[in-house]
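Take these sequences, add in the hints, and give me the full structure.
Residue numbers (the working numbering), protein chains in the order written: chain A, 16 to 208; chain B, 305 to 743.
The hints are simulated quantities; they were obtained by calculation from the structure and are not laboratory data.
We put the beta carbon where it would ideally sit given N, CA and C, even for glycine.
Any given hint could be a false lead.
Derived list of chain A stretches under chain B, where covered just means 3 residues or more per stretch with a C-beta under 8 angstroms from a C-beta of chain B [what the hints assert, rightly or not]: (1) 163–177; (2) 187–195.
Listing some non-contacts, in silico: residues in chain B with all C-beta distances to chain A over 10 angstroms [unchecked claim]: (3) D324; (4) D346; (5) G384; (6) D438; (7) D440; (8) H502; (9) G519; (10) L564; (11) T565; (12) A657; (13) I714; (14) E729.
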Amino acid sequence: MTEQSLPLAAATRQISLNGASGPSGVACTVATPESERRWQGPDAAERNGILEKARSIAIVGASANPSRASYFVATYLLQSTNYTVYFINPKESEILGHPVYKDLASLPEVPDIVDVFRRSSAIKSVADDAAAVGAPVLWIQLGIWDDDVAEYSESLGLEVVMDRCIKIEHARFHQGLHLFGFNTGVISSRRAR
Amino acid sequence: MDKQTFDFATRAVHAGLIPDKATGARALPIYESAAYVFDNSDDAAARFALRKYGEIYSRIVNPTVAALEERVASLEGGLGAVATASGLSAQFITFIALASQGDEVLASSELYGGSITQLDITLRRLGIDTKFIDSDDPQDYAAAITERTRFIFVEAVANPSGHIADIEGLAAVAHAAGIPLVVDSTVATPYLLRPIEHGADIVVHSATKFLSGSGTVLGGVVVDSGTFHWGQERFPEFFKPVAAYNNLTWSGNFNEYSFLTRLRAEQLRDVGPALSAHSAFLIAQGIETLPLRVQRQVENTREIAEWLEQHPQVESVNWAGLETHAQHDRALKYFPNANSGSVFSFTIKGGRAAGKIFIDSLNLLSHVANIGDVKSLAIHPASTTHAQLSAEQLREAGIEEGTIRLSIGIESAKDLIADIAQALETSTQGDAPHSVEQR
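See below:
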């Protein structure tokens, strides 16, 4: 399976949230304009590699509110994938019938991906926690771009994905995006798996 | 998985079509099913709430239609696409997604007649007010933008005048005002021109034309670049909680995917112009040969346009690929080898009467109201496709009484020229053989 570069480049371009304070879980975040960015994230093939390798995902900043992006992601991961999903939020006790843990250290295993739904200023401390438990990947949600946060997280030994939705990226390689008419960039003569 | 960039011709054949999991079918399977079984109640609820990607009902999602959508999105260099039952319905759902009662639209006065009536009559009745701009200068558009303007709409290559839009200039004007540029690229085709590369935000197609290629089915496609910055003041719909979907907000939950997700989940859902799976199959199959067909069509067009230009019975040839054409520089900028498509017009000496005899004398070119077929087509716009326009609208659309529109196919250029030559010859003699026979 290979990808074409053009539409994926288009897909990486950033749309600012215009300071919108919506129920998205990334409220008040204004991402760095594309032209001012330093950090370079993994390309589509590398992102797919991260998703292929992982068995468990911890959602930090998980919400029980159905309109939040984290709730969309959680529903998708639980219903459309085989990942073991853990929820982290000190203020919640149960989400989608699953227990909610107060922090990463309380999980019964080390998660393969830590998917963060927190504002930019709170992410460095999540990166500290992720590195402390030995999680290999920090995944920062769509709509957030902060070069400092990404570089800091990498300095802790974490592999970083930023400004990407794990639901959308998983769907890109597993027919979900395709079904909704999006350009997955996937060209292959091999039978779908 | 290795990194590789695939060329246009490869994507025309492969994009959107991975051999399916169930059978490995190499051709695109036609999924003729109105509905799809849910795994269980939780699965159904998640699909309805847009929390997971899944089939629900073929008005909104169909696997055959999805293959076509991804293919066109790939060829246009867009983020994704939504296919519809016709080109006009693709425009309609786009227009009503962007504009509401009391809003304004700026559109070129040089549009397909059906697009003019859609804007001028139907959308105006819904309270959406279109100003038609009879100018090629982006500054004239800029001057007409008000705080109520929601988008600019132009044809990349105008039908039938053959005029080329200044997409870069119009995109700059639109973006400075915080509104998107919507381009109908039906005549240009993604093989020749990809408006998104020049700054357009949304591209619409009548897939009936070059994409399907053989004049068999109706269809439309909306492609979004995914790069437009939807502002809260002009586009509040992207920021308001959507009650039908658990109070999500399109911008907040879907970010760059918001326009297309909303278009599918609101406008396609509520208006209902779904493309049939069978039609999607024919269009997707047609696209496999788009590069071959259009290359041949523009080569034929060049030969015919250069021949027509020399003909004493021809007043003017409106094809920007000609060096003598006022827009030749623009054709060089936007089109490979300045080949600005295979739909163009020419004006015959002798006005409406000569035009009528010319059309009635053709034996190889077909007299039909369509374009983009592999068969060469001809029509007299003033009495047919644009007959609903007033004399002033006709003039603004670049149509004269003696204007003939040609859509050149893939036949032999020699044979096409021979047919046009005999029809021109007959038109000077003031008698049309077919008009007698047809009585």
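| query | Looking at T565 (chain B) again, its CB stays over 10 angstroms from all of chain A? | reply | The assertion about T565 (chain B) is violated, with a minimum of 7 angstroms to chain A.
| query | Would G384 (chain B) pass as off the interface with chain A, using Cβ distances and a cut of 10 angstroms? | reply | violated (4 angstroms)
| field | Beyond 10 angstroms from every chain A Cβ - status for D346 (chain B) | value | Check fails; 7 angstroms does not lie beyond 10 angstroms.
| In terms of Cβ atoms, is chain A entirely out of 10 angstroms range of L564 (chain B)? | Incorrect as stated: the minimum Cβ-Cβ distance to chain A is 7 angstroms, not above 10 angstroms.
| said: Would the non-interface assignment of D438 (chain B) survive a Cβ cutoff of 10 angstroms against chain A? | reply: The claim holds: D438 (chain B) sits with its nearest Cβ about 33 angstroms from chain A, beyond 10 angstroms.
| query | Since H502 (chain B) was said not to touch the interface, does its Cβ keep a gap of more than 10 angstroms from each Cβ of chain A? | reply | holds (13 angstroms)
| field | Non-interface claim for I714 (chain B), where every Cβ of chain A lies beyond 10 angstroms | value | holds (27 angstroms)
| request: Please settle this one: G519 (chain B) was flagged as non-interface, so is its CB more than 10 angstroms from every CB on chain A? | output: At about 24 angstroms from chain A, G519 (chain B) clears the 10 angstroms cut-off, so the statement holds.
| request: Tell me if chain B covers the stretch 187–195 of chain A under the three-residue, 8 angstroms CB rule, please? | output: holds (count 6)
| field | Verdict on E729 (chain B) as a residue remote from chain A, using beta-carbon distances over 10 angstroms | value | holds (49 angstroms)
| query | Once the closest CB in chain A is found, is it more than 10 angstroms from D324 (chain B)? | reply | The claim is violated: D324 (chain B) sits with its nearest Cβ about 6 angstroms from chain A, within 10 angstroms.
| field | Coverage of the stretch 163–177 of chain A by chain B (three or more Cβ within 8 angstroms) | value | Since 0 is below three, the answer is violated.
In summary, the structure is inconsistent with hints 1, 3, 4, 5, 10, 11 from the numbered list given earlier, while agreeing with the others.
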